[in-house]
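Produce the complete structure using the sequences and hints provided.
Residue numbers for the sequence shown follow our numbering, beginning at 288 and rising by one.
Since the hints were derived computationally from the structure, they do not count as laboratory data. The structure displayed is predicted, hence computed values, not measured ones. Watch out, some of these pointers could steer you wrong.
Unchecked claim - In silico SDA-like cross-links for lysine to any residue, where the CA-CA straight-line distance does not exceed 25 Å:
#1 Lys289 with Leu468
#2 Lys294 with Ser388
#3 Lys294 with Phe475
#4 Lys289 with Val447
#5 Lys464 with Ile410
#6 Lys291 with Asn351
#7 Lys464 with Phe475
#8 Lys294 with Lys362
#9 Lys328 with Ile398
#10 Lys464 with Leu347
#11 Lys291 with Gly463
#12 Lys291 with Leu454
#13 Lys294 with Ile398
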Amino acid sequence: MKEKYAKAISLVFHPLLIPTIGFLVLMNSGFYFSLISTEAKIIVFIVVFLSTFLTPLISLILMNISSRFQLSMDKSTDRVVPLLFSAIFYYVGYFFLGRFSIYPVYRIFLIASIFIIIVLMLISMKWKISAHMAGIGGLLGALIALSLRLEINNSSLIAVLVGIAGLVGTSRMVLGKHNSLQIYAGFFLGFAVNFVILALI
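Now the structure itself:
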């Protein structure tokens with residue numbers, strides 16, 4: 288895989304974008320909770336986009352002003368503060384979603400993402416783990432859990448996400464950001480957390 292393609296894949300499936308992608312998938316998945324009005328979908332999309340992408344991105348840009356912070360976050364400890372801010376912003380999104388009459392699964396998906404961020408933050412204090420893979424693994428885990436729980440066949444979408452996970456993992460290794468252990472650890476962390484929470488709650 289050429290480096291430019293690896294960079295493009297890493298950017299499109301950046302951890303900050305995965306929640307927005309995930310909510311778009313859930314809102315068009317054929318599950319019962321996807322049958323909400325267009326207006327409700329727009330509201331959910333705006334809240335999720337602002338709280339999980341835009342505000343964390345702005346915080347990263349502001350932190351980059353300091354010479355002590357490296358936007359590339361090559362060291363695992365560089366990720367701790369950005370992850371902490373992300374968890375806070377995600378919770379703000381969780382809070383605002385609770386102000387609207389929507390199916391609880393949307394808030395559960397967001398709170399599950401917060402748990403993933405917290406675990407990533409704790410691990411990053413000592414070891415570098417792939418947040419990219421935790422994001423795509425979490426989305427795949429949620430989709431499989433809901434498909435099993437609601438007995439809906441989403442095999443085609445699941446296959447697509449498995450393929451995307453493979454591309455994302457390969458791109459991170461091509462770019463030299465992670466080794467294979469960090470890739471697999473991130474994926475299974477995200478997958479396990481979201482699968483358990485979405486399957487049981």
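Cross-check of the supplied hints:
Of the supplied pair hints, the one linking Lys289 and Leu468 holds, its CA atoms being roughly 22 Å apart against a limit of 25 Å. The suggested pairing of Lys294 with Ser388 is violated, with an alpha-carbon distance near 39 Å, which exceeds 25 Å. Restraint check for Lys294 and Phe475: satisfied, since their Cα atoms lie roughly 22 Å apart, inside the 25 Å limit. With a CA separation close to 21 Å, the supplied pair Lys289 and Val447 stays within the 25 Å bound.
A threshold of 25 Å between alpha carbons decides the hint, and for Lys464 with Ile410 the separation of about 16 Å falls inside it, so the pair holds. Between Lys291 and Asn351 the alpha-carbon distance is near 24 Å, which keeps this suggested pair within the 25 Å criterion. Restraint check: the Cα-Cα separation between Lys464 and Phe475 comes to about 18 Å, which is no more than 25 Å; the hinted pair holds. A C-alpha spacing of about 19 Å is found between Lys294 and Lys362, which places the hinted pair at or below 25 Å, so the restraint holds.
Restraint check: the Cα-Cα separation between Lys328 and Ile398 comes to about 18 Å, which is no more than 25 Å; the hinted pair holds. Between Lys464 and Leu347 the alpha-carbon distance is near 18 Å, which keeps this suggested pair within the 25 Å criterion. Proximity of Lys291 to Gly463 is assessed by CA-CA distance (about 13 Å); at most 25 Å being required, the pair is judged to hold. At roughly 13 Å between alpha-carbon atoms, Lys291 and Leu454 fall within 25 Å of each other, so this suggested pair holds.
Between Lys294 and Ile398 the CA atoms are separated by roughly 29 Å; this puts the pair beyond 25 Å, and the hint is violated.
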